[in-house]
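My numbering puts the first residue of the sequence shown at 711, with every later residue one more than the last.
Heads up, a few of these hints could be off.
Pairwise CB distance ranges (calculated) [claimed, not checked]:
| # | residue 1 | residue 2 | range |
| --- | --- | --- | --- |
| 1 | S730 | D807 | 36 to 42 angstroms |
| 2 | M734 | R760 | 37 to 43 angstroms |
| 3 | P761 | Q798 | 19 to 25 angstroms |
| 4 | S730 | G779 | 55 to 61 angstroms |
| 5 | D781 | L716 | 41 to 47 angstroms |
| 6 | V843 | R863 | 17 to 23 angstroms |
| 7 | E790 | P824 | 31 to 37 angstroms |
| 8 | V727 | D807 | 20 to 26 angstroms |
| 9 | P844 | F747 | 37 to 43 angstroms |
| 10 | L712 | P857 | 27 to 33 angstroms |
| 11 | D807 | A728 | 27 to 33 angstroms |
| 12 | R794 | D771 | 31 to 37 angstroms |
| 13 | P857 | L740 | 29 to 35 angstroms |
By construction, these hints were calculated from the structure, which means they are not laboratory data. We put the beta carbon where it would ideally sit given N, CA and C, even for glycine.
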Amino acid sequence: MLAGSLVFVVLGIVFLVAHSTVKMTVAGALAVLFFGFCSVSYVRRLLRGRPELVLDDAGVDHVSLGRFGWDEIAAVRIREQRVRTTSQRFIELVLHDPDAYLARAPRLVRRTAPANARLGLGPANMAVNTLPVPPEAVLDAMRRHCPGLPVQR
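From just these sequences and the hints, can you work out the full model?
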């Protein structure tokens with residue numbers, strides 16, 4: 711993903727330097743801004759000193775979502791969101807009290823919660839493309855730490 715973002719940053723710079731039309735200049739500026747932000751985000755993730763997801767006997771700690779105790783999680787499930795020809799798989803933590811979580815959740819989670827709710831999702835979702843193992847392996851590990859945890863299919 712980092713390489714792809716950098717390619718689009720370079721293409722955006724080419725559009726900016728070419729100065730052929732206003733549309734190309736605007737497209738170049740938008741490409742540099744958007745994909746530059748993506749590139750910085752990917753580099754920060756790569757250089758971060760902590761893992762994306764930690765499971766232990768106390769609960770789940772996700773780098774973007776924060777910490778959850780096992781007693782806060784009602785169930786887990788693998789979901790797939792399709793948009794036209796693409797799909798995004800993620801692990802959804804179904805919470806007993808989503809409002810209590812949202813009160814302490816990171817700002818990005820709070821801002822995306824209404825959109826997730828319109829899609830029929832809760833606020834605690836982990837994209838599987840950021841995890842180093844398949845989502846089924848994550849669910850198996852969750853069940854090892856919390857044997858009574860319901861897994862919804």
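**Prompt:** Okay, which hints does this one fail, numbers in order?
**Reply:** 1, 7, 8, 9, 10, 11 and 13
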